[in-house]
Each structure stands twice: as C-alpha cells, then as structure tokens.
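Protein chains in written order, with the working numbering: chain U, 4 to 635; chain C, 3 to 102; chain E, 81 to 245.
Calculated from the structure, these hints are not laboratory results.
It is possible that part of the hints are untrue.
To be verified - Reference listing, derived: stretches of chain E covered by chain C, where coverage requires no fewer than 3 residues with Cβ under 8 Å from a Cβ of chain C:
| # | stretch |
| --- | --- |
| 1 | 107–119 |
| 2 | 209–220 |
Said to hold, decoys possible - Straight-line C-alpha distance at most 35 Å; calculated DSBU-like pairs for lysine-lysine:
| # | chain 1 | residue 1 | chain 2 | residue 2 |
| --- | --- | --- | --- | --- |
| 3 | C | K98 | E | K241 |
| 4 | E | K167 | C | K101 |
| 5 | E | K241 | C | K57 |
| 6 | E | K167 | C | K98 |
| 7 | C | K90 | E | K167 |
| 8 | U | K587 | U | K605 |
| 9 | E | K167 | U | K605 |
| 10 | C | K57 | E | K167 |
| 11 | C | K28 | U | K605 |
| 12 | U | K605 | C | K57 |
| 13 | U | K605 | C | K98 |
| 14 | C | K28 | E | K167 |
| 15 | U | K374 | C | K90 |
| 16 | E | K241 | C | K28 |
| 17 | C | K90 | C | K28 |
Note that the Cβ used here is the ideal one computed from N, Cα and C, for glycine as well.
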Amino acid sequence: MAELFWLIPLIPGASSLLLILFGTKLSRRWIAWQASSAVFLSFLLSLAAFVHLARLPGAGPGLGKTLIPWISSGSFSSRIAFVFDHLTAVMALVVTGVGLLIHVYSTAYMAEDRSYARYFAHLNLFTFFMLVLVMASDIVLMFLGWEGVGLCSYLLIGFWFDRPAAAKAGMKAFIVNRIGDAAFIIGILFLLANVGGSSFTAINEAGANGLLPSGLVTLVALLLFIGATGKSAQIPLYVWLPDAMEGPTPVSALIHAATMVTAGVYMVCRLSGLYAASIPAATVVAWIGAATALFAATMALVQNDIKKVLAYSTISQIGYMFLGCGVGAYAAGMFHLVTHAFFKSLLFLAAGSVIHALAGEQDMRRMGGLKKYLPVTFPVFLIGALAISGIPFLSGFFSKDAILTSAFGGGHYVLYGLGLLGAVLTAFYMFRLVYLTFYGEERFARDPGHHVHESPRAMTIPLIFLAAFSVLAGYIGLPVLFGGKADLFGRFMEGSVKTLSQHLAVFTEGVLIIAATAAALLGIVLAYVFYRRTPTLPGRLASRFPGIYRLLVSKYYIDEAYDAVAVRPLVRGAEKVYESFDLKVIDAALDGSATVASLAGKGLNFLQSGFVRDYALAFLIGAIIFLGFLLL
Amino acid sequence: MIPSSAFFVLAAVLFVLGVVAFFVKKDLLTQFMAVEVMLNAGNLAFLALAKALGKADGQAIVLFVITVAAAEAVIGLAIIVLVFRQRKTIQTDDLKDLKG
Amino acid sequence: MAWAVFLILSFLCIGSVVAMILSRNQAHSALFLVLSFSSLGGLFGLLDAPFAAAVQVLVYAGAIMVLFLFAIMMFNLRGELPARAKKLRLALTAGLGIVLLAELLLAGRKLVLGNPGAAQTAGGDTARLGHLLFSDYIYAFEITSLLILAALVGALALAGKKEGA
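Construct all of the structure, not just a fragment, from the sequences and the given hints.
Below you can see the structure in the form of structure tokens.
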C-alpha cells in the first residue's frame, strides 16, 4: 500500500479536474462527498506510507517514484518524480489530515453559497498543488507546486469576486507573492547553473560538501528565503495575509494558517544542507523570523476584526518557525509547524463558527457574551487559545518551548528575548480576543429573524478533532527533561533533516520552561485586567498614547509606504506604456493592417466589372503567361 | 503528301482567330460561335498529331470532342434563350450582374 | 494535287472565319461558319480521317450550326446591329492573339519543324477506329452517350415551355 504513495497528490487533482469540468451538473451532496473522500484517500495513503517509513531503521531516502521525464534541455534535465521521506511524511499528514477536517467543515459552512462546486474544485486543486510541493523530489517540481498554491490562493481569496475588496485582496496576494517568486526563480537559476542536477539531494550535498563557493551558497539561500517571505508572509512581504481574510474562513484556516504559508518553512527545512552551510543566511532567517514574530504580535494587539487578529497571529507564529530553523533547530521549527496547523486552523474554524452564528459579523466590538450560546465552539476556542499561548501540557507549549530552548542553547540570547516577549504578547492578544468575543456584555445586533445558535455538526465535529490534536500533539516531542528518547518527533525528523544538536543541562531546561510558562501567564493575566476587570483601561491607554495607538492600528503605515514607493510608480509607468506603445504602436498596426486590406480590396475592385468579356480577357492573359512559363 | 505540320499551323491560326472573334464580338451568340471555332481548331490539331504519330487515338478523341461540343451547344443555347427571355437582350454590355 | 486541295480548303476555312468576325449580321456569321466547318471537314479527310470528316460535316456543320441558326431566328434581332468594336480593344486583342499564336507554334515546334520520319502510315482506318472506341475508350464512349441524354433533358428542362403556364 505504501508504494502507492505517488497517488497522494493525484487523487485530489483528479477530483478537482472532475469538479472543474462537471461540477455545475453535480448535486451538492455528491460534490461534498467526492471532494472530502479524495482528501481522505490521500490521508490514508499518507498514513500507510508514514507507517512504512516509521518501521524502517534510521535515516534513509524514503520512498521515491519517477512519473515521467519532464524537461531535458542541454545539460539540464528535470523529471516529475515524487519522494516520500520523513520530512515529506510530516507535511503530507498535516496537509491531508487538516485538509480533510477543513473539507468536512466547509461542506456545512459553504452550504448556502451558490458556487459550491467551484469552491471545492479550487480547494481540491490547492490540495493537489500543495502535495506536489511537499512531495517533489527536485526544486523545479517543487516550484511548480509553489506557484500552483499561489494560484489557488488567489482563486480562493477572491472567491467572492464580485466583492471589490475580495478581488483586490486576491490580486494583492498574487502580486506580492510574485515578487518573492522572482527572487526564488533567480535562486533556482543560480542553483541549476552550479549544481549538477536539480534534485534536493544534489543541492544539499553540494552545499554540505563545500563544492560551492560560500558566497554563492549564501546568495542562493537568501534569494530562496526572499521567496519564502512572500509565500510565508514574513517581513517584508507579509502585507497580503491580513487582506487575504476576505476569503471564506475555511480557506483562511487551510491555506493561510496550516499549509500554504508554511511552505516556506518546509522549503528551508528541505534545503537544510544549504542553510546549515551558510551561517549568514541562517542568521538572516532567524532574525527575520524573530522580528516578524514580535512585529506582527504588536499589530495583533489592536485589531478589531476577529480574523485579522488571527491573521497577524499566523504571521507571528510562522516567524517562530523560521526562528527555529534559523538557529539550526529544523525539527523544532517543523514541530511548531505541526502544532500550529492544529491550533491555528482550530481557531480559524471556531472563529468561522462564531461568524456563522452571528450571521456574518466579524468585528469583535459587536460581539461579547457568546459563551452561553456556543457550547461547543467556546470550549474548543479556549483550548486553541491556551495552546497558542503556550500553556503547559498543551501542544503549543512543547513546540514553542523547543524553539526558544534551541535559541537559548545556541547562544542567541537576543533572539530568545524577542521570542519570549512575543510569547507574552501572543497570550495577551489571544485572550483579548477570547474575552471580547465570549465574555462580557452582549454587544451584537439583535436580528429578529435570526437567533444565535451553535453550528451544525459538520462544523463542530472537525473542531473537536482539532481541539483534541491541539492538546495531544505536543506529546510526540517532549523536551530533554524527560529523557532524550521521549522526543519522538525529533528522532523521526532525523531521518531527513540534520538538526544542530545541543546539550543543555536539565536545570537550564527547567528554568527556560518556567520562563515560558510565566510569559504565557503574564499575557493572560494582563488580558484579563485589560478586558475583564477594567474594560475602560484600553480606551484610556489609547487616548494617553494616541501616537503609538494610531501607529499600531494603521499597521505602521507599511501598506501606505509600499503603495507610494512601489505600487503607484508601477501603475503610472504601466499607464505610460499603455498610451505610448500599446495604443500607438500595437493598435495602430492592427488598424493599419485592416486599412491596408480594405484599400487593397477597393483598389482591385475594377477587376470585377461584371462583363464576361473582361473576365475572359483575364483568362487569356493568364493562359498566355502560363504557356509562357511552360515553354521557357 | 502534306506534312502534318501544315495542318498544325492552320489549327493554331484558327484557334487564335477564334480567340480574337470572342473578344471582338459583343453578343452572347456570336461569342458562343467563336468558342465552337476554337473547339474545331483543337480537333484539327488532334488529327494532325494522330497522323504524325500514326495512332488512331487522336481520331477517337476528336469524335468525343464533337459529341461533347454538340451537347454543350445544346445547353448553351438553351441558357442563352433563357437569358434572352429574362432580359430581352443578349448584348454582353447589358449583362453585368456580376459587377462587384 | 493534294496541295492544291489543301490550300483551297484552308483559305476557305480561314477566310470564312475572318468574314464571320467582320460580319455584323449574326445570321451571316452563322452561315459563314457553316462554310468554315464544311471545309474543315474536307481538311479532316485530307488527314486520312474519313470518319471524322463525315461526322464533322454531319454533326458540326449540319446540326450544331443549324441549331445556331434556329436560335438566331428565334431572337429575331434584325433591328439591332451591334456597334463597331473600339480600336483599342481590337489592337489589344490582336496583340494578345499574336502572342498566343507564337506560343502555340512554339509549343508544337517539334511537330512543326518536322518529324517526317515518323510512321506516316495512316491510322485512319475506320475499322481500327472502331476497335479503339470499343476497347480502350469504351468508358468514355458510354459516358458521352449519357452526356447527350443529359443535354437533351437539360435543354428541355431549361427552356421548354411549362405545361399550362
């Protein structure tokens, strides 16, 4: 069964194709079942392949299969070949597992939407591309998946394309991604020119064995990382993710929390040979990660839209993942990727449940007191919030702790400090969200035709699953405190990725754990004070420091800065080109050719005089010429 | 013996005369007659060649040409009659419906 | 002797065609053509093709041209004499005609320049012709009879008067 692993991307791909071609003719029940079953099958296959891998001793190349030879041009060739090793296994399980839950959730969430088929077609298509991305054996195929998920992101953000805000958000996402991708492509080109082959094994070996000049390795690593900042929404290319919340909430959960945005982290781990070989590049990765973690958290503090808070939170948490990878703790970064997939998608889906209950309300200032109306949504949301805050015994605690410990153990004390501060803010803004939404007075509009009710089972059951994972997933990666063997995740990851090994004293580990817990509790207590005990405090603080408040609320005016520096000059330049070239040259050429044809026609009109005699004359002349040719 | 070449020259001259006649005349009927002249010139050429090559095939062809010319004349005249009935004229100057 | 006949017949032929061109009366043109075709029949005879000669006189001169005369009489165009052709047109046509003549003669130069050695034995035997028609050319033979039938029916369909119209 495990040798069928290459079907994992293809099943959702086929389902997507069917839905694209025939979706409008199928019933909603059929679509729901087909789309979800496709992902379910992929999940089963991933599970089988994972079990197969787990039984193999130690590190290994994993399963591999070449499908078709693809490009062969001169000295460069690339094949469509899938690989399934330990790193891929983790990603595939997350994508198909969380993806399955989100597909099921969507069947209820999108039940009243008129473009049901298109939604699932795109969702399946995304699953296909994401799986291609994580199962690619070489960097060119991975880039295909990379671009494909960007396309699906655009399609799904702008799903309700008749809303101008959604359409613009989709374009913004795609264009910002494109900028990152440009750097990515240049990085790929450098690699292809200097490494004998495009497969990951070839690249990692070239980086590790010192066959490439170190300047080149750093350059390539940085270029690829710029691409990752675009895809994974880090500084400087994160600006598209908050806008992407215009899309349906399950899309935000799947693409912009659990999977697509983590593709950058996957890429760094996959090319760990390169990053391990270049200290400057790894340092950049770690610092950007930490800076983004803190920066985004500050913006999440003052957002009023529930989804935007979660969006900035995602940006921030991915920063942690890159921090982990940057200090060499690739396993820790991946670990946080997995736990984050669980609790962040849980939070998004639960938020979707809240929005669904309030018939579309997303502003937290018009929520409140929902605790008693949503008996399933509230507890699971609380679990998610506790997990992300890093409360002990929940998954987020273990993964975040792994990252921070690695940072500290590697001697990166400043990075550790930034991460710790970010943890305080994370707990704070998450519980601000919880208190504003579920506690306090009920500030939502009373619509006579609609009463606040819990969501249907198709939505709540995935929530429960995700909540369970958010609690339990941490136990696969227990810290050294409990003995080296207990880190199952880390040991599994060793199969693919070499993590910098560290040895910390048990005492140090214990102190760090206490510090992390304290940070989380501090954040929660502060949130309680601000939003439960003295609800007027935030308002007073904002009026005391209006400048800072406005800076945060306006997202540091970054969007406006980009607009002025990059967007508007480009648009003006494009308009100039349009006027001077497109209109004057191309259109003129077309019109000109039409005019020429017309004139030629009018000019030759005299030949058709209507007299048979003249036609016969033409015959004769033609015959004479023809005879002449024959004779000569 | 008269050489076949003489007949051939005669045929060529006859053909050209037919062409000239076609272009000089202005009514359908006479133009049609010119076409018959051209056909006959062709027949003469065939027979000349048949004599020169010593085969009888040329004569067979001539037979067919005459037959076909007869059929063609029948239909052609029928059409000219129709045109005359419609337009009351067979002057080609007046028949210019194909003017584009 | 043969040359004399040849020359007389050819002059008759060409002369009557020229007369046909120059004549302004259609009936006169048709009659000139009858003369021309008849002399052509004679020329065919000179070419050792007696059958073709007979058919020519019978069919071409005797049937087709008579048909033309019927048509002319039907049109009854006595009153209208077509105008003289324009000088330019005549010159142009004459010029093209000369070019065509040159080309045709050129095309047949092998024949024209003589190939007297080739078998001058007559293929003109009617029996041989008959054999040929019913063996090599049987297909064309049958088709032409169909063609004549088609012409007959076609002419009736086109120009016949409708019943009780």
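Item to check | 8 Å C-beta test of the stretch 209–220 of chain E against chain C, three or more residues | outcome: The restraint on the stretch 209–220 of chain E holds, since 6 of its residues have a Cβ under 8 Å from chain C and three suffice.
Checklist entry - Between K28/C and K167/E, is the straight-line Cα distance small enough, at 35 Å or below? => result Status holds; Cα separation ~14 Å.
Checklist entry - Would the pair K241/E and K28/C pass a check requiring their Cα atoms to be no farther apart than 35 Å? => result holds (28 Å)
Item to check | Straight-line alpha-carbon gap K90/C to K28/C, limit 35 Å | outcome: Since the Cα atoms of K90/C and K28/C sit roughly 15 Å apart, the hinted pair holds (cutoff 35 Å).
Next on the checklist: Next pair to validate is K587/U with K605/U; report whether the Cα-Cα distance is within 35 Å.
Outcome noted: holds (26 Å)
Next on the checklist: For K241/E and K57/C, compute the direct alpha-carbon distance and say whether it is at most 35 Å.
Outcome noted: violated (46 Å)
Next on the checklist: Just to be careful, I want the Cα atoms of K167/E and K101/C compared with a cutoff of 35 Å; is the pair within it?
Outcome noted: Roughly 24 Å between the alpha carbons, so the hint for K167/E and K101/C holds.
Checklist entry - Within 35 Å, alpha carbon to alpha carbon, are K28/C and K605/U? => result Within the cut-off at roughly 28 Å; holds.
Checklist entry - Is K57/C within 35 Å of K167/E, Cα to Cα? => result At roughly 45 Å apart (the allowed maximum being 35 Å), K167/E and K57/C break the hint.
Next on the checklist: What's the verdict on K90/C and K167/E, does the C-alpha distance respect the 35 Å limit or exceed it?
Outcome noted: Distance ~28 Å between K90/C and K167/E Cα, so the pair holds.
Item to check | Straight-line alpha-carbon gap K605/U to K57/C, limit 35 Å | outcome: violated (53 Å)
Next on the checklist: With the threshold set at 35 Å, check whether the alpha-carbon distance from K605/U to K98/C stays at or below it.
Outcome noted: holds (19 Å)
Violated hints for the displayed structure, listed by number in ascending order: 5, 10, 12 and 15.
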